[in-house]
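Hints are included, so try docking the two chains, each in its own frame, into the full complex.
Protein chains in written order, with numbering that gives the first Met the number 0: chain A, 0 to 89; chain B, 0 to 265.
Derived by calculation from the structure, the hints in this document are not laboratory data. A hint or two may mislead.
[What the hints assert, rightly or not] Coverage of chain B stretches by chain A, computed from C-beta distances (three or more under 8 Å per stretch; other residues unrestricted): (1) 75-87; (2) 245-251.
[Stated by the list, open to error] In silico DSS-like pairs for lysine-lysine, Cα to Cα no more than 25 Å straight-line: (3) B:Lys-16 - A:Lys-80; (4) A:Lys-64 - A:Lys-80; (5) B:Lys-16 - B:Lys-78; (6) B:Lys-78 - A:Lys-64; (7) A:Lys-56 - B:Lys-78; (8) B:Lys-185 - B:Lys-206; (9) A:Lys-80 - B:Lys-78; (10) A:Lys-80 - A:Lys-56; (11) A:Lys-56 - B:Lys-233; (12) B:Lys-232 - B:Lys-185; (13) A:Lys-56 - B:Lys-16; (14) B:Lys-185 - B:Lys-207; (15) B:Lys-207 - A:Lys-64; (16) A:Lys-64 - B:Lys-206; (17) A:Lys-80 - B:Lys-206; (18) A:Lys-64 - B:Lys-233.
[Said to hold, decoys possible] To give an idea of the interface, some chain B residues facing chain A are shown, with a C-beta separation under 10 Å as derived from the structure: (19) Met-41; (20) Ile-42; (21) Asn-177.
Even glycine gets a Cβ: it sits at the ideal position worked out from N, Cα and C.
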Amino acid sequence: MSRGFLITIIMSLILIFIVAWSLLRRERGVWTYMLLSPRTFSLELLELLRNLREASKALGKSLIKFMAYNLQLSISIDYFKSDMGSLNRY
Amino acid sequence: MSTSPSDILVGAMRLYKLILWALYISHMGVYSYMALLGTHHMISTRIHNIGLWVVTIIVLGFIPFSYFVLMVALEDVNKGYILCDVSDLKGNTTFLLVMLGIIMVCGAAFYGSVYNNARIAIIMVTLILIITFDVYAIIIPSIIGRFMYRRMRPARILGIPCVDIAHVARNLILLHHNIINLDIIKEEWSHMDSIIGTIAQYDGDVKKNMARFLRVLEDVRSGPLSGEVELVKKRLGRQYRSSHYFILGNIIFLLAIAYEYIYTLG
Numbered sequence: 000m001s002r003g004f005l006i007t008i009i010m011s012l013i014l015i016f017i018v019a020w021s022l023l024r025r026e027r028g029v030w031t032y033m034l035l036s037p038r039t040f041s042l043e044l045l046e047l048l049r050n051l052r053e054a055s056k057a058l059g060k061s062l063i064k065f066m067a068y069n070l071q072l073s074i075s076i077d078y079f080k081s082d083m084g085s086l087n088r089y
Numbered sequence: 000m001s002t003s004p005s006d007i008l009v010g011a012m013r014l015y016k017l018i019l020w021a022l023y024i025s026h027m028g029v030y031s032y033m034a035l036l037g038t039h040h041m042i043s044t045r046i047h048n049i050g051l052w053v054v055t056i057i058v059l060g061f062i063p064f065s066y067f068v069l070m071v072a073l074e075d076v077n078k079g080y081i082l083c084d085v086s087d088l089k090g091n092t093t094f095l096l097v098m099l100g101i102i103m104v105c106g107a108a109f110y111g112s113v114y115n116n117a118r119i120a121i122i123m124v125t126l127i128l129i130i131t132f133d134v135y136a137i138i139i140p141s142i143i144g145r146f147m148y149r150r151m152r153p154a155r156i157l158g159i160p161c162v163d164i165a166h167v168a169r170n171l172i173l174l175h176h177n178i179i180n181l182d183i184i185k186e187e188w189s190h191m192d193s194i195i196g197t198i199a200q201y202d203g204d205v206k207k208n209m210a211r212f213l214r215v216l217e218d219v220r221s222g223p224l225s226g227e228v229e230l231v232k233k234r235l236g237r238q239y240r241s242s243h244y245f246i247l248g249n250i251i252f253l254l255a256i257a258y259e260y261i262y263t264l265g
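Okay, chain B solo, but in the shape it has when bound (with noise of 0.2 Å):
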């Protein structure tokens, strides 16, 4: 068994084709059971409501959108690339997941409205919401990205792990979105110059734009407009950093579905 770095990479790529491959097959499972029984239901009661023969519709219809969502989720990986940065597994993880979710819970809904029972299908769209928002959106991409993380690491280049060098590459890229990571840039310096270091002996372009970077990054640390750089940081931090959104939405979930159950238990 041959164990280049590139045929660990191109096997890890294969590995993580499968596991969003079986994610949407479990869950689109269960939502195409729920949205044929609600049909059949339908059809077998012969429920006269055009506006919930539509809904039908709309909910057949996610079956075909849903393999859309898997296939842009896979477009780099079915092209051929090779995803080194956990990060931008975890993003294509997450945006599966959360459309998935998002599709069950527009399942959940349909089932309770033709099975005439609201308040199941509030407490059951409330509930899958909160999962989508926490479970499926942060908890599953991250125990995906730690677990391939380890199966990409024996992959290396002059010794350095493949997946570091694309971290390091990440946190570049990030900087050039926006400035407020140069916090990260900062705090992982030492990590990172070691790596651009290593890799700077052997390659000419790395060696050139580390000098330059070095350069700029010296300015922007001890120039003149250094003072200036930290406030436009802090401008930006509180225009693009919105993670209390993220506390609010959850206490607003977790209040509905106690009002829902203890609404239900009286």
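Just chain A, same shape as in the assembly (with noise of 0.2 Å):
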């Protein structure tokens, strides 16, 4: 194996990993599950936050629920689904 070979393998390997790391950066969602301590923060944040991530979920439950209602179709977002009762179409 000559040196330009393996210059030419790295080269394409880190440009690789730039296009990756530039769509990597793209994804900004977190999709882990939080954990927040009672000993940690006062309760009244954590009611804040338990209301604000349930107003949340809700809503976009009721946006899939929508749109399953007026595609006539079941869909599934993350472990959300709303059955229209029209399943194994394809």
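Now the structure itself:
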């Protein structure tokens, strides 16, 4: 194997890394479930965050339901599923 | 030819299923060839190494196991659900390709050990690992995601593309997962607000939940605890954002490949 071949391989791997890194930076969502200890944060703050999370979940679910109802299809986003009884159309 | 939103989405899911099957067959074709060639070589040369025979059984066992991996990746699609959110499609593709990449790594290592060429095996394993890291986990799923987005975009409800509604729903669900994602909501709020607002005019449930969400969001943004919320976000950001592992992993693999090649040249 020549030295030129080695340089080509390394350069292409660096290029692949740069492309992958630029694509990864666009994905900003964090899917990991957060854990907040009541020992570290005040109860009022935890209550506020719980309300925010519940409200966003309810709004997200109602959007999925709306889509499923309008399309008459079963929709799945993450683990939220809305069945419309028209499964296995494809 | 009918072009109702439902038909467009159903057609897109069929295509997605076909893409995953094509990826599976192309990878497992190469893997099966490597595994069977290695096994044939072991039988023909009558290698007496019990350890290697155990490895052979495991390597051959990966062939049916990979089908199970494909079925997990296609679970929702096979059940008939429409995956409107492009991130879900990307996630399933990443899962399948990364698992196939790991299986390919095992196949390459096995092939190298059967033919007693450890150096080539190490180079192949490192190369496939770095390809799995960058190409399989990020680049190919992104390309497939963009392609599927274009295919599904013509499906609209009230003039809004279904993929965009799904994106809004996903952002809200992400906020339920982790409060760090509040930044995404803040950045995309004008776009999200117009989509949710349009739907709220036609759907009572969305309208009610939108009013509730806006009330809480206002509390979080400008209430007495807004400063504390920012602190929590910063704290969680340090805990959950781990992109530096990606850079570190890439640097380690690049150094390993460079070392292996230089060693081979020397």
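Hint by hint, here is what the structure shows:
| no. | hint | in the structure |
| --- | --- | --- |
| 1 | 75-87 | holds (count 10) |
| 2 | 245-251 | holds (count 3) |
| 3 | B:Lys-16 - A:Lys-80 | holds, 19 Å |
| 4 | A:Lys-64 - A:Lys-80 | holds, 8 Å |
| 5 | B:Lys-16 - B:Lys-78 | holds, 12 Å |
| 6 | B:Lys-78 - A:Lys-64 | holds, 18 Å |
| 7 | A:Lys-56 - B:Lys-78 | holds, 24 Å |
| 8 | B:Lys-185 - B:Lys-206 | holds, 20 Å |
| 9 | A:Lys-80 - B:Lys-78 | holds, 11 Å |
| 10 | A:Lys-80 - A:Lys-56 | holds, 13 Å |
| 11 | A:Lys-56 - B:Lys-233 | holds, 22 Å |
| 12 | B:Lys-232 - B:Lys-185 | holds, 13 Å |
| 13 | A:Lys-56 - B:Lys-16 | violated, 29 Å |
| 14 | B:Lys-185 - B:Lys-207 | holds, 21 Å |
| 15 | B:Lys-207 - A:Lys-64 | holds, 14 Å |
| 16 | A:Lys-64 - B:Lys-206 | holds, 13 Å |
| 17 | A:Lys-80 - B:Lys-206 | holds, 20 Å |
| 18 | A:Lys-64 - B:Lys-233 | violated, 33 Å |
| 19 | Met-41 | violated, 28 Å |
| 20 | Ile-42 | violated, 31 Å |
| 21 | Asn-177 | holds, 4 Å |
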